[in-house]
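Chains B and A supply the protein sequences, listed in that same order.
All residue numbers for the first sequence refer to this note's numbering, where the first residue is 1 and numbers rise by one.
All residue numbers for the second sequence refer to this note's numbering, where the first residue is 1 and numbers rise by one.
No lab work stands behind these hints, which were simulated from the structure alone.
Backbone N, C-alpha and C define an ideal beta-carbon position, used for all residues, glycine too.
Listed next, the stretches of chain A that the computed footprint assigns to chain B, with coverage defined by at least 3 CB atoms under 8 angstroms from CB atoms of chain B: (1) 45 to 57; (2) 69 to 82; (3) 145 to 153.
Computed spacing ranges between beta-carbons, pair by pair: (4) A253(A) to G114(B): 36 to 44 angstroms; (5) G158(B) to S70(A): 51 to 59 angstroms; (6) Q13(A) to R126(B): 18 to 26 angstroms; (7) A73(A) to L45(B): 44 to 52 angstroms; (8) L272(B) to L299(A): 57 to 65 angstroms; (9) V40(B) to G64(A): 45 to 53 angstroms; (10) S10(B) to E303(A): 38 to 46 angstroms; (11) A127(B) to G64(A): 24 to 32 angstroms; (12) Q13(A) to W229(B): 37 to 45 angstroms.
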Amino acid sequence: MAVYKRRYNSYSGSLTAGWSRFFVLTKYAFAELFKSRFFVILLVLCIVPCLFFAGYIFVANNHTLQLLMQLRSADFFKVESQYFVFMMLSQTQAAFLLNCWVGPVLIAGDLSNGALPLFLSRPFSRADYVLGKLAVLGLLLSAVTWVPCLLLFSLQSGLAMDGWIWSHLWMVVPIVLCSAIWILMLSLLSLAVSAWVKLRIVATGVTFILFYVPTGLGEMFNVIMGSKWGMLLNFSYMFRLILVKAFREREGLVGRAWDEIPVPAAWGVLILVCLLSLVILNARLRARETVRG
Amino acid sequence: MNPTIELNGLEVQLGGRTILHGLTGVLKSRAIGLLGPNGAGKSTLINTLLGFHSPSKGSTRVLGLDAHTSGKALRSLVGYMPENDAFISKMSGVRFVRYMAEVSGLPADQAMERAHEAFVYVGLGEARYRPVGTYSLGMKQLAKLAQAIAHGPKVLILDEPTNGMDPPARKRLIELIREIREASDICLLLSSHLLRDVEETCDEVLILRNGQIASICNLVEERRANRKFLELETIGAEASFTSTLEGLGCECAVFTNGRIKVVMPDGVEIREVFKVAADRGVQIRRMNHRRDSLEDIFLNAMEQTGAPDGRI
Numbered sequence: 001m002a003v004y005k006r007r008y009n010s011y012s013g014s015l016t017a018g019w020s021r022f023f024v025l026t027k028y029a030f031a032e033l034f035k036s037r038f039f040v041i042l043l044v045l046c047i048v049p050c051l052f053f054a055g056y057i058f059v060a061n062n063h064t065l066q067l068l069m070q071l072r073s074a075d076f077f078k079v080e081s082q083y084f085v086f087m088m089l090s091q092t093q094a095a096f097l098l099n100c101w102v103g104p105v106l107i108a109g110d111l112s113n114g115a116l117p118l119f120l121s122r123p124f125s126r127a128d129y130v131l132g133k134l135a136v137l138g139l140l141l142s143a144v145t146w147v148p149c150l151l152l153f154s155l156q157s158g159l160a161m162d163g164w165i166w167s168h169l170w171m172v173v174p175i176v177l178c179s180a181i182w183i184l185m186l187s188l189l190s191l192a193v194s195a196w197v198k199l200r201i202v203a204t205g206v207t208f209i210l211f212y213v214p215t216g217l218g219e220m221f222n223v224i225m226g227s228k229w230g231m232l233l234n235f236s237y238m239f240r241l242i243l244v245k246a247f248r249e250r251e252g253l254v255g256r257a258w259d260e261i262p263v264p265a266a267w268g269v270l271i272l273v274c275l276l277s278l279v280i281l282n283a284r285l286r287a288r289e290t291v292r293g
Numbered sequence: 001m002n003p004t005i006e007l008n009g010l011e012v013q014l015g016g017r018t019i020l021h022g023l024t025g026v027l028k029s030r031a032i033g034l035l036g037p038n039g040a041g042k043s044t045l046i047n048t049l050l051g052f053h054s055p056s057k058g059s060t061r062v063l064g065l066d067a068h069t070s071g072k073a074l075r076s077l078v079g080y081m082p083e084n085d086a087f088i089s090k091m092s093g094v095r096f097v098r099y100m101a102e103v104s105g106l107p108a109d110q111a112m113e114r115a116h117e118a119f120v121y122v123g124l125g126e127a128r129y130r131p132v133g134t135y136s137l138g139m140k141q142l143a144k145l146a147q148a149i150a151h152g153p154k155v156l157i158l159d160e161p162t163n164g165m166d167p168p169a170r171k172r173l174i175e176l177i178r179e180i181r182e183a184s185d186i187c188l189l190l191s192s193h194l195l196r197d198v199e200e201t202c203d204e205v206l207i208l209r210n211g212q213i214a215s216i217c218n219l220v221e222e223r224r225a226n227r228k229f230l231e232l233e234t235i236g237a238e239a240s241f242t243s244t245l246e247g248l249g250c251e252c253a254v255f256t257n258g259r260i261k262v263v264m265p266d267g268v269e270i271r272e273v274f275k276v277a278a279d280r281g282v283q284i285r286r287m288n289h290r291r292d293s294l295e296d297i298f299l300n301a302m303e304q305t306g307a308p309d310g311r312i
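Starting from the given sequences, assemble the full structure and let the hints guide the process.
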């Protein structure tokens with residue numbers, strides 16, 4: 001089928017491995033995203049706080065600089081679990097904003113243009129499709145959460161020496177695990193919204209609403225019923241609870257309901273949101289819609 | 001060699017309604033037309049062949065592969081041009097086709113090369129760098145065809161390919177489809193409600209009506225038989241008129257409003273028909289002398305009544 005011959009020829013060349021084809025979606029989605037100047041600015045802004053955290057580590061490990069700054073207490077700059085909790089809280093909020101911008105366009109664009117049958121008429125399953133889109137958010141949100149956290153952990157390990165790394169190595173697990181559940185929940189939720197609401201702006205709005213309206217409803221429930229379980233609808237709070245407990249930190253970081261909501265319940269809520277999102281994706285991602293009745 | 005399509009009691013239910021009623025049949029030709037009025041089940045059958053719908057009973061095979069149990073293997077052989085709009089509006093045409101080819105498994109460089117070739121081949125070479133969303137309806141149809149052939153499929157499924165195209169564009173597309181069919185060993189399944197599209201591109205026709213097979217017809221054999229017949233519009237024609245014609249060796253089909261189709265055997269002249277009409281006091285208001293066409297096969301199939309085995 002060479003251009004100059006203008007004749008149809010079938011293809012008999014090599015094919016890529018079936019398992020790796022979902023990355024095609026990821027590749028093209030990234031290419032589209034990086035065309036947007038706003039997205040690039042947002043991504044850079046999400047990474048900027050890491051520079052301040054890196055500066056903090058530098059100061060914490062530089063006694064000369066501390067003397068120049070005339071700090072009286074040597075403990076003022078400490079890089080312990082609290083430092084990483086703050087960093088994780090800051091970066092997961094950045095990830096939330098990034099997710100609100102990127103997530104809604106990923107599936108909505110394909111659905112509004114009817115492109116889904118084109119993907120699914122190929123040797124490509126719905127699971128591959130979701131995986132391809134999920135990888136976009138997974139990679140992007142990882143780049144602003146656990147990856148910089150681990151880099152700063154390495155920086156601190158390198159600068160502190162004196163065996164700091166061995167006494168703090170356990171922190172790698174909560175950094176990765178807490179980031180993973182947050183990224184998974186955000187990604188699946190925004191993909192589900194993107195599949196449900198085809199308009200980008202509306203989908204972005206709905207993603208915000210899904211985080212803040214249940215929180216308000218939960219508060220109302222708590223006030224009316226005199227209960228604590230309304231907090232379960234506050235997804236950010238549930239994540240904070242998991243994070244702080246995982247880092248063995250103080251209650252002050254979480255707030256009043258400390259110890260009132262069991263951590264397994266918090267995990268349960270986040271996993272339930274993931275499962276519900278999967279159910280929505282399963283219902284919406286069909287090559288053909290079936291009208292009942 | 002495996003038949004192109006095998007239908008084994010295929011029944012498909014959607015939303016609580018039975019859309020396809022136990023279809024059974026074998027289609028062996030390389031170019032198969034799928035005909036039927038709106039709502040006959042053409043698109044449902046295509047969607048079932050692609051594995052989008054699961055059969056509630058029975059099965060269907062394409063080139064020997066079960067559409068339900070070997071869906072992925074089957075789809076690796078298929079190029080599909082859907083009926084409705086299906087594209088990524090912000091992407092340039094060539095990038096869109098390249099994307100689809102990569103999803104089909106072509107390496108990036110091969111996908112790029114074949115996307116350009118496919119675009120030039122369908123006649124959109126000049127417009128390949130424009131976003132697909134800015135294309136006219138006819139151009140979008142061609143872009144959909146380009147994405148369906150870019151990865152070099154063994155089976156090309158075209159669902160109403162000439163929808164929304166002006167006559168010259170339609171003619172060009174039909175020519176392309178014929179070229180594709182003749183230039184390779186590709187199997188073609190073309191669904192349309194335009195008889196001419198099917199007649200010009202296909203060798204065998206599956207006619208559906210109300211989710212049942214109304215007819216399976218080998219057009220090549222029909223063309224070879226090439227029977228002559230008369231279309232009559234009469235007043236006062238009764239059973240004795242047709243029975244006299246049948247006595248002469250003609251085959252008659254009586255339709256509403258005095259319309260009669262008469263298949264003429266060799267040796268019987270038209271004036272003998274006039275003579276019988278004059279003897280019986282039948283007025284022949286209009287006469288059309290022609291050869292058998294897909295339209296006749298289709299109309300016959302549409303006027304027959306159904307049987308419980310999925311075949312009318």
